[in-house]
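S.K.: Fit chain P to the known structure of chain X by using the hints.
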Amino acid sequence: MTAVSLTVNGKPVSADVENRTLLVYFLREHLRLTGTHIGCDTSQCGSCVVHVNGRAVKSCSMFTVQAQGADVMTIEGLAKDGKLHPVQEAFRENHGLQCGFCTPGMIMTAVDMIRRKPILDRKTIREELEGNICRCTGYHNIVSAIEDAAKKMGAA
Amino acid sequence: MITYQFEYHRPKTLAEAEKLFTPEAKFLAGGQTLIPTMKMRLANPTALIDISGLKELSFIRAGSDTVVIGAGTTHFDVANSTDVRRAIPALAFTAEEIGDPAVRYMGTLGGSLANNDPAADYPAAALGLGATIKTTRRSIAADDFFTGMFSTALHDGEIITEVLFPIAERAGYAKFPNPASRYAMAGVFVAKTKHGVRVAVTGAAPCVFRVPQMEAALTKNFSPDAIANITVPADDMNSDIHGSAEYRAHLVTVMAKRAVAAA
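The listed protein sequences correspond, in order, to chains X and P. Residue 1 is where the first sequence starts when you use the working numbering, and the numbers rise one by one after that. Residue 157 is where the second sequence starts when you use the working numbering, and the numbers rise one by one after that.
The following block holds chain P by itself, in its conformation from the complex:
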């Protein structure tokens, strides 16, 4: 349980944090994935740049069309925000579904998105709502952000600063947690937005993905029955000791129906 040695920096501003970055360093936000990974010695950053204390990254601003959440905002604060609960209840629910209470006190929105764990909850919400991810350098649409397993469009040293979530007419999230790890075996976020219906799936495949067939069906008829006979190809699903690819493909449809029912 002892990590490798590393240097520790606690910058006072984002600009300072960016300057401290080297390709072998890691930004430390909530640390609830990074630190356990370092403990297993599966990660060996030469330096940690602790951005968890940056107040400028921790805020929630609800407007008429969007909810803007600072990247350093914890899952606990999102789950318990009256603004988020009123504007996008499914987003508050998603935050509440992450990990356990101790993890939710520490873990952050930006940390979760930047890590892009294939079974994390937030990527489904970001892709499902069509969020925009703002960084120290640019804005990235969620559709372009998640590029593969544990990989994103972020460049080395680029820091997520805030995420703009469009307020949906209706939205819902349903996940089937792994009974041991509680990570999603399949989690589906469904949103009916001004720009159409979006369906995003996490946990089932190597990376969060959308299901255009379900989106088309739900655009015509936003009800669980409309997607009851639509399945995703098992070829693309994860297969492991916890469940076969066919099982996960089946779960996606079940969870999608539940998410629509919850929306």
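Next comes chain X alone, as it looks inside the complex:
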């Protein structure tokens, strides 16, 4: 067991974890933040994407001990004061989901994407979503939601 301390959604967290505890299991099973999903065994699907020090990464592909001292944000940390984040709102308005399983990863990826590339066209959005798989194949509205969110956030 190793002692780790990190910040999750703005709150300090300390715990003793097995070295082999993947960050996604720490979030889901130790902290009960089950918004972050596990959709595959092969690190391909992206439904576990969270922000670590501001960068959207796969929480199934890093160990919790690697996040010592890090600032982690999950899907639960996006809404502020009961108000959805503009990307969450855009997914709702554009019906950017079907079963919704991939949605947390899609949204965390989209927030990072818009931060890096405030002006987005549909082709770029699709390229940037390379690491996020929607098994319903509902990409059309996901792309529309991200396009819409980027426009609204740019105008704000």
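Please keep in mind that the hints were generated in silico from the structure rather than gathered at the bench. All residues carry an ideal CB built from backbone N, CA and C; glycine is no exception. The hints are all genuine.
To spell it out: a stretch of chain X is covered by chain P in this simulated footprint if at least three of its residues, at any positions, have a beta carbon under 8 Å from a beta carbon of chain P; those stretches are:
| # | stretch |
| --- | --- |
| 1 | 46-56 |
| 2 | 60-69 |
Calculated cross-link-like contacts (lysine-lysine; reagent style DSSO-like; alpha-carbon spacing at most 30 Å):
| # | chain 1 | residue 1 | chain 2 | residue 2 |
| --- | --- | --- | --- | --- |
| 3 | P | Lys211 | X | Lys117 |
| 4 | X | Lys11 | P | Lys211 |
| 5 | X | Lys80 | X | Lys151 |
| 6 | P | Lys182 | P | Lys195 |
| 7 | P | Lys376 | P | Lys348 |
| 8 | P | Lys168 | P | Lys211 |
| 9 | P | Lys348 | P | Lys290 |
| 10 | P | Lys195 | X | Lys11 |
| 11 | P | Lys182 | P | Lys290 |
| 12 | X | Lys11 | P | Lys168 |
| 13 | P | Lys168 | P | Lys195 |
| 14 | P | Lys290 | P | Lys175 |
M.R.: Here is chain P on its own, set in the frame of chain X:
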């Protein structure tokens, strides 16, 4: 999705990292290949020596003849470096082609080269540009570095510290990604350098390799047409459910032409 148990070390210096090494341990850089492999229980290191936090390994220095990149530099940082984009745009493009955005934030140059996946992108760039790979012990020319499938000239416990990429007059990279995994079915890096033209192929065979016939043809005439009729022997190519050896051999010529056109 649970790995075997392992010890975890986070050394503060390279020297400390080397001291911690045992033959059953693994160095952890970005972990984007190692951790998925451990999750499948295809790798079982007794200890992980996490070198991802070593600041001394993360830098980009562009000079007049070379771009020197620290082994711990992420694909994201290489792809978005204004220095790399100006000096060797094809190298920045290669980094941008690796994996997906989440992988590029974590994965590192040194990790990719040390792993030498037969379908990885960076080995093509390193061999194509004639890079020099510096380690904690010595300098290794790219021509001597890649020795076979997932194998390199690195000794046990030796750590890549930086890679010197000569600035090419012209360079280009083109790959045909597997539609599912996005790894290269065939990827070709072409460079026109002071020391001649170099053509390096990844993804098509068990290990990255050069194509001397194409290099000779491009030395005379650096254009896609010059290599249109040059093919690599299918006997040496990979053959699997994604494509036959003949198909991959054909792809190599197509990708080489595209890489020249992009250069």
